[in-house]
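Using the sequences and the accompanying hints, generate a full structural model.
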Amino acid sequence: MAAIFQGVGAAAALSSSPSNSFDSKKFVSSPCRSFSVRKGASFAVVRSDGRVNLNPKGGRAQQLISNAVATKSDSAAAFSSSKPGHELLLFEALQEGLEEEMERDPRVCVMGEDVGHYGGSYKVTKGLAKKFGDLRVLDTPIAENSFTGMGIGAAMTGLRPVVEGMNMGFLLLAFNQISNNCGMLHYTSGGQFTIPIVIRGPGGVGRQLGAEHSQRLESYFQSIPGIQMVACSTPYNAKGLMKAAIRSENPVIFFEHVLLYNLKERIPDEDYICNLEEAEMVRPGEHVTILTYSRMRYHVMQAAKTLVNKGYDPEVIDIRSLKPFDLYTIGNSVKKTHRVLIVEECMRTGGIGASLIAAITENFNDYLDAPIMCLSSQDVPTPYAGTLEEVTVVQPAQIVTAVEQLCQ
Amino acid sequence: MALSHLAASASRSSSILKPLSSALSLRRSISGDNSPLTVETSVPFTSHQCEAPSRYVETNPKELLTFFRDMALMRRMEIAADSLYKAKLIRGFCHLYDGQEAVAVGMEAAITKKDCIITAYRDHCTFVSRGGTLLEVFAELMGRQAGCSKGKGGSMHFYKKDSNFYGGHGIVGAQVPLGCGLAFAQKYSKDETVTFALYGDGAANQGQLFEALNISALWDLPAILVCENNHYGMGTAEWRAAKSPAYYKRGDYVPGLKVDGMDALAVKQACKFAKEHALKNGPIILEMDTYRYHGHSMSDPGSTYRTRDEISGVRQERDPIERIRKLILSHDLATEKELKDVEKEVRKEVDDAIAQAKESPMPEPSELFTNVYAKGLGVESFGADRKEVRATLP
Numbered sequence: 001m002a003a004i005f006q007g008v009g010a011a012a013a014l015s016s017s018p019s020n021s022f023d024s025k026k027f028v029s030s031p032c033r034s035f036s037v038r039k040g041a042s043f044a045v046v047r048s049d050g051r052v053n054l055n056p057k058g059g060r061a062q063q064l065i066s067n068a069v070a071t072k073s074d075s076a077a078a079f080s081s082s083k084p085g086h087e088l089l090l091f092e093a094l095q096e097g098l099e100e101e102m103e104r105d106p107r108v109c110v111m112g113e114d115v116g117h118y119g120g121s122y123k124v125t126k127g128l129a130k131k132f133g134d135l136r137v138l139d140t141p142i143a144e145n146s147f148t149g150m151g152i153g154a155a156m157t158g159l160r161p162v163v164e165g166m167n168m169g170f171l172l173l174a175f176n177q178i179s180n181n182c183g184m185l186h187y188t189s190g191g192q193f194t195i196p197i198v199i200r201g202p203g204g205v206g207r208q209l210g211a212e213h214s215q216r217l218e219s220y221f222q223s224i225p226g227i228q229m230v231a232c233s234t235p236y237n238a239k240g241l242m243k244a245a246i247r248s249e250n251p252v253i254f255f256e257h258v259l260l261y262n263l264k265e266r267i268p269d270e271d272y273i274c275n276l277e278e279a280e281m282v283r284p285g286e287h288v289t290i291l292t293y294s295r296m297r298y299h300v301m302q303a304a305k306t307l308v309n310k311g312y313d314p315e316v317i318d319i320r321s322l323k324p325f326d327l328y329t330i331g332n333s334v335k336k337t338h339r340v341l342i343v344e345e346c347m348r349t350g351g352i353g354a355s356l357i358a359a360i361t362e363n364f365n366d367y368l369d370a371p372i373m374c375l376s377s378q379d380v381p382t383p384y385a386g387t388l389e390e391v392t393v394v395q396p397a398q399i400v401t402a403v404e405q406l407c408q
Numbered sequence: 001m002a003l004s005h006l007a008a009s010a011s012r013s014s015s016i017l018k019p020l021s022s023a024l025s026l027r028r029s030i031s032g033d034n035s036p037l038t039v040e041t042s043v044p045f046t047s048h049q050c051e052a053p054s055r056y057v058e059t060n061p062k063e064l065l066t067f068f069r070d071m072a073l074m075r076r077m078e079i080a081a082d083s084l085y086k087a088k089l090i091r092g093f094c095h096l097y098d099g100q101e102a103v104a105v106g107m108e109a110a111i112t113k114k115d116c117i118i119t120a121y122r123d124h125c126t127f128v129s130r131g132g133t134l135l136e137v138f139a140e141l142m143g144r145q146a147g148c149s150k151g152k153g154g155s156m157h158f159y160k161k162d163s164n165f166y167g168g169h170g171i172v173g174a175q176v177p178l179g180c181g182l183a184f185a186q187k188y189s190k191d192e193t194v195t196f197a198l199y200g201d202g203a204a205n206q207g208q209l210f211e212a213l214n215i216s217a218l219w220d221l222p223a224i225l226v227c228e229n230n231h232y233g234m235g236t237a238e239w240r241a242a243k244s245p246a247y248y249k250r251g252d253y254v255p256g257l258k259v260d261g262m263d264a265l266a267v268k269q270a271c272k273f274a275k276e277h278a279l280k281n282g283p284i285i286l287e288m289d290t291y292r293y294h295g296h297s298m299s300d301p302g303s304t305y306r307t308r309d310e311i312s313g314v315r316q317e318r319d320p321i322e323r324i325r326k327l328i329l330s331h332d333l334a335t336e337k338e339l340k341d342v343e344k345e346v347r348k349e350v351d352d353a354i355a356q357a358k359e360s361p362m363p364e365p366s367e368l369f370t371n372v373y374a375k376g377l378g379v380e381s382f383g384a385d386r387k388e389v390r391a392t393l394p
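Keeping their order, the protein sequence lines are chains D and X. Position 326, counted from 1, in the first sequence is what full-length UniProt numbering calls 326; the numbers after and before it change by one each time, with no gaps. Position 380, counted from 1, in the second sequence is what full-length UniProt numbering calls 380; the numbers after and before it change by one each time, with no gaps.
No lab work stands behind these hints: they were computed from the structure. Worth double-checking, as some hints may not be accurate.
Across the chosen pairs, the derived CB separations fall in these ranges [said to hold, decoys possible]:
| no. | chain 1 | residue 1 | chain 2 | residue 2 | range |
| --- | --- | --- | --- | --- | --- |
| 1 | D | L172 | X | E310 | 37 to 45 angstroms |
| 2 | X | E364 | D | S223 | 24 to 32 angstroms |
| 3 | D | S223 | X | E276 | 56 to 64 angstroms |
| 4 | X | Q49 | D | L172 | 46 to 54 angstroms |
Every value quoted in this text rests on a predicted model; they were computed, and no experiment measured them. The beta carbon of each residue, even a glycine, is placed where N, CA and C say it ideally should be.
Structure below.
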């Protein structure tokens, strides 16, 4: 695995092995045109050292681009073996992903408040209503409990709805539907129904939005059995994860962040998806493993610049998959560095970090040279005042201090 | 005897045209024939914002005998479940449907298997009317592998995907938005089918119901909301829980119909009417006036909030099986003895199914982790030691 990545300072790492380039032409050539479920889709399993095993049925070599583009610098060099791609903002990447999936599969529909004619409160669904019509891009009344329930009911029959919560915090009203019906139906029906729904929306602490609009629902949903949770952080993985989430047969809760919608990045032109259960290696290193996701990734990368100047070599992993954790990638990193720092935006109590600490301690205790450190937000409702809000959330300076402490 | 049979039924049915040979045969087949019969419902329909359907229901002897058999089967099944629960073979929650069978059979007679039904936790009989077998019912109740949900769901989670029965839900009222979602999917796929979302008088006070009704009416979805009003939400009588117990009027702008839920033919007529209405005009509410003999569930004796006289009174006057029995006997479609034989047959069927279900094994321990996620690769859930790293999705 180490052979695949080349550390280039604080900038992104890229796979140079030609066998890993993504050949999309064969992939795009057979989109799902009919209503019937495509059974026996061919797939390839990519081993960690880059070898590809094709399944007996299909003959298509489908490989993933295993790079991670985190910072704005040097993205032109990232795609030496394919076309330069196009530049866009994160919300446009989400929209592109949604649009492509809606074209590809007529069963995909979007429902949420103001997603249709208004274009979406964060413009993620802009233009979709005009293109696909009112039956596929549905403006719902303000009734989260029922329209999430309706999305789940529709998913039981085989439709693939994408339900938007205008803010993740509003989905608390639909908690019963998400927990009992969305997560558990596949199990309690003995496998008869799958719920291929995607529940997405922006969450996280924004700029002085107030306590109720700055919630981190990943900590509340993480216990629900049967759902998958992913958090996107760059335009590249936003589009890739969105497409994967829509194609997945499992219910996926897709966490976006209010402050990341205007990130700009160059992404490939061709069709690609990101694995839902895989973490992203942002910056390989030797001294300490820093696990993070969503907006905190940028705070960590900023701290990483300072740390590199101070002589440290942090390994930064964007865990992306909040449920289930990618313990494979994380474990390999822990085995290498022996020190873990978790930087998250959830609150201290019962957050993703708390679960991650438990998971790592349980599985990799022998490899740890120091107790795991976890930097989380304070256990308070997010205050309105800007200065207070800043202190609620983890800042890069705190990350630097924590790494220094950990590496003593 | 054959002549008197012809004479008695001459005024109502067209059995005069039946060939004499069948009338003279000593052992007449109990399955009946398809000659039309018109029966008047016991009470007229009350409607809200729409025209009530006619009181005269088209049926035929075959259908009536099927009603009798099916309801007798359901009744026996529920009583047997009662005994199994007391014998501690069924644990947890067990909500019995006896008394309400007419709703399940009447609805099924009016629709096809392509129409969807979704209900709450009192789902054993609805599952059977949708085509579920007794073995699946008892095995699931006892938590065995042969159950319809492989033993992992239990009494409140019966599902049958191939006949569009969507369960089986434990949380009161949560199935109604799901039902409207089913209707949405039907409209999306232009199926010309409808969804019946059943709920109780207790659930009728849930907010999500009105939210879902609003959306269904707005988007013209073919959703039929059926309130099975058995007058008690667990221990609370309807007049103590609802300011307005006229549940069929609760939809306000959505039309409603009040139906005698103990009369299978009235239920059939109402459901047929509702299906036609929903396909043209969007949602409609049906209120089935019905009654349950058992308590809310097996842990509820059912007599602390209502008198035994009330229960036996309803059983005497409105029992759905007795009603059909009287109808069959008065039209001479079968003899008393033949109906008793049907009941004996049904009893044997139920006993056989229970015996077979008892032999079914408990689920394997590995089944704990199956069906949590839908995985294409045979991996049930990820841990630290998963071997394959990445896979592409279709």
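Evaluated hints:
1. D:L172 - X:E310: 37 to 45 angstroms: Holds, at about 42 angstroms.
2. X:E364 - D:S223: 24 to 32 angstroms: Holds, since X:E364 and D:S223 (Cβ atoms, about 25 angstroms apart) stay within the stated range.
3. D:S223 - X:E276: 56 to 64 angstroms: Given a distance of about 45 angstroms, which is not inside 56 to 64 angstroms, the answer is violated.
4. X:Q49 - D:L172: 46 to 54 angstroms: At 35 angstroms between Cβs, range violated.
Consistency note: the structure conflicts with the earlier hints numbered 3 and 4.
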